[in-house]
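There are 2 protein chains.
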Amino acid sequence: MASSSAAARPAGVYPTKVRIVEVGPRDGLQNESAEFSTQTRIELVRRLLDCGLKAVEAGSFVSPRWVPKMADTGILLEHFDRSDRDHLAVLVPNLRGLEAAIESGATEIAVFGAASETFSAKNINCSIAESLERFRPVCSRALAEGLRVRGYVSCVLGCPYEGDVDPDRVADVSEQLIKMGCYEVSLGDTIGTGTPLKAVALIRRVTEVVPVTQLAVHFHDTYGQALVNIFAALGEGISVIDSSVAGLGGCPYAPGAAGNVATEDVIYMLDGMGIQHGIDFDRLLDTAGFILNALDKQPVSRVSTARLAKAKS
Amino acid sequence: MASSSAAARPAGVYPTKVRIVEVGPRDGLQNESAEFSTQTRIELVRRLLDCGLKAVEAGSFVSPRWVPKMADTGILLEHFDRSDRDHLAVLVPNLRGLEAAIESGATEIAVFGAASETFSAKNINCSIAESLERFRPVCSRALAEGLRVRGYVSCVLGCPYEGDVDPDRVADVSEQLIKMGCYEVSLGDTIGTGTPLKAVALIRRVTEVVPVTQLAVHFHDTYGQALVNIFAALGEGISVIDSSVAGLGGCPYAPGAAGNVATEDVIYMLDGMGIQHGIDFDRLLDTAGFILNALDKQPVSRVSTARLAKAKS
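Which chain is which? The protein sequence lines are V and E, in order. Numbered according to our numbering, the first sequence spans residues 3 to 315. Numbered according to our numbering, the second sequence spans residues 3 to 315.
Please note: incorrect hints may appear among the correct ones.
Intra- or inter-copy, both count: the list cannot distinguish identical chains.
[Stated by the list, open to error] Subject to a maximum C-alpha distance of 30 Å in a straight line, what follows is the list of computed DSSO-like cross-link-like pairs (lysine-lysine):
#1 71 to 312
#2 299 to 314
#3 314 to 71
#4 312 to 124
#5 314 to 124
#6 312 to 299
#7 56 to 124
#8 124 to 19
#9 56 to 299
#10 181 to 124
#11 19 to 71
#12 71 to 124
#13 181 to 56
#14 181 to 19
#15 56 to 71
#16 314 to 181
#17 56 to 314
#18 312 to 181
#19 56 to 19
#20 299 to 181
#21 314 to 19
Keep in mind that the hints were calculated from the coordinates and are not lab data.
Just chain V, with the same shape it has in the complex:
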């Protein structure tokens, strides 16, 4: 049966191997209410690299006035040697942030755009067009310095202010980021309102202008839809998945609700599907335990919750 069902499915529709982009140390911790030390964040990144993760979003060079929790990103980077830094990325909003990132030995930066005008205005205080114009010199300078540049597009399946978002707009912003030199664009369902067939329709629209090999998905589990959306995306040929260890992050638009999909929940599904990811699952669960303990937080991840429950029983 297994073989015939495999035959019934279009060959190669599911990737045999995926790349996980771990966003816990930046996107995750930035949105946690609990305090944590620079040492804790450094230890988290170290442990994540030891799990076998090859792409970790380690911090940002945004003004400390806006994001005090990431103010020590320079110090963090300096704790890692070049071979480790090759696996770390930092968010930069502008040229000043880029210079600081270069100064600290960053090898990859990320620029953060939006597919919703209202979200862009409230989140980065400018229109979508203005944000893209701001990213252009950042990208050229970064590329000239030999850094890799990754692009993010937020609100791809819904906006907290506008509601539905036009897939054409997502496709347009994604295409412009690729043309600026981003090696990959991550499609972010910032408020987690996406559902699988909407995710499929979006990916099919965006892949009309950006090759699927240059797209990643970044789903939030606010309404429990993250894994099913990831599964649907894998069926469209997507092979890069953003996730956050222990589901760190939460939802800024519904404090207390789930945010980033938990890396361990994604890995559980990938293992069940026989898809390679190169991550040590037990070490990942220990790393989730480490940061939850440091934040004195209960897991939002179903897998980590079940593991904790079994340990107690």
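Knowing the structure of chain V, use the given hints to seat chain E on it.
Just chain E now, kept in the frame of chain V:
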């Protein structure tokens, strides 16, 4: 990529309409540690019917020595008139239970089998073959009395004692239950270890002997896989889904972990997919709030958690 994968997907693979079988009042409450009154359970069933649910697992006629929390199922049934009772089902383990169910005016019963010998031995104290022999007279008598009979098969994607479960065994037990007169068999991933492609392979195997129109799926969210498994099952033509309001139930094998998939999380996905279900979503969320409040419990459902978070913020 987009068009080719679209062409590869069989047309109309997703049902336009599904039937939700709400199991909160029995499978859910039975596995909750908190105490609750008969009145609370009656009120829960009443509210669920008011949400538009047409199939509610209301209780069981198992010996009170084994399941004291369901001892008042007769009293519960007597609170509903015939037209309401037409939408309620009760679990019965044997002929004695069936007589009590008939006495109380039940219109539908459910028999509970397993696909794992060890689970069957520990859960109902007999072999799978013995359990099926025990169900045979129960089914004939129930059918003779004009009752509907639904069959459950537990451990279809994993056993807490044996680990992997052979899909051939699941297909065999399902086929026998249908031959006994069950109008439908619900495939239960009792410990939630199933993942989407395993669910697809299982359904394809079982549908070799049982029409897909006579199959339902009953997934647990212990490892966060329930919704993605349901999505995969819908893609195979399954159109009946068991779920539990507020995710009532938990996991007996990992106390504190998630159990039954939450009805509201399923409805959120179905709405996003444009699949009809006939349930009033707002009333359902209020009903989840009612029972969580009665049990003094925090929601495991992502949707109910997000709703609670938004109400607080």
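How the hints compare with the structure:
no.: 1; hint: 71 to 312; result: between (33 Å within a copy, 24 Å between copies)
no.: 2; hint: 299 to 314; result: both (16 Å within a copy, 19 Å between copies)
no.: 3; hint: 314 to 71; result: between (33 Å within a copy, 24 Å between copies)
no.: 4; hint: 312 to 124; result: between (43 Å within a copy, 19 Å between copies)
no.: 5; hint: 314 to 124; result: between (44 Å within a copy, 22 Å between copies)
no.: 6; hint: 312 to 299; result: both (17 Å within a copy, 20 Å between copies)
no.: 7; hint: 56 to 124; result: neither (32 Å within a copy, 45 Å between copies)
no.: 8; hint: 124 to 19; result: neither (37 Å within a copy, 40 Å between copies)
no.: 9; hint: 56 to 299; result: within (26 Å within a copy, 40 Å between copies)
no.: 10; hint: 181 to 124; result: within (25 Å within a copy, 62 Å between copies)
no.: 11; hint: 19 to 71; result: neither (34 Å within a copy, 47 Å between copies)
no.: 12; hint: 71 to 124; result: within (20 Å within a copy, 52 Å between copies)
no.: 13; hint: 181 to 56; result: within (25 Å within a copy, 53 Å between copies)
no.: 14; hint: 181 to 19; result: within (26 Å within a copy, 43 Å between copies)
no.: 15; hint: 56 to 71; result: within (24 Å within a copy, 51 Å between copies)
no.: 16; hint: 314 to 181; result: neither (52 Å within a copy, 43 Å between copies)
no.: 17; hint: 56 to 314; result: neither (32 Å within a copy, 38 Å between copies)
no.: 18; hint: 312 to 181; result: neither (49 Å within a copy, 38 Å between copies)
no.: 19; hint: 56 to 19; result: within (13 Å within a copy, 43 Å between copies)
no.: 20; hint: 299 to 181; result: neither (41 Å within a copy, 51 Å between copies)
no.: 21; hint: 314 to 19; result: neither (34 Å within a copy, 41 Å between copies)
Checked against the numbered hints listed earlier, the structure breaks hints 7, 8, 11, 16, 17, 18, 20, 21; every other hint is satisfied.
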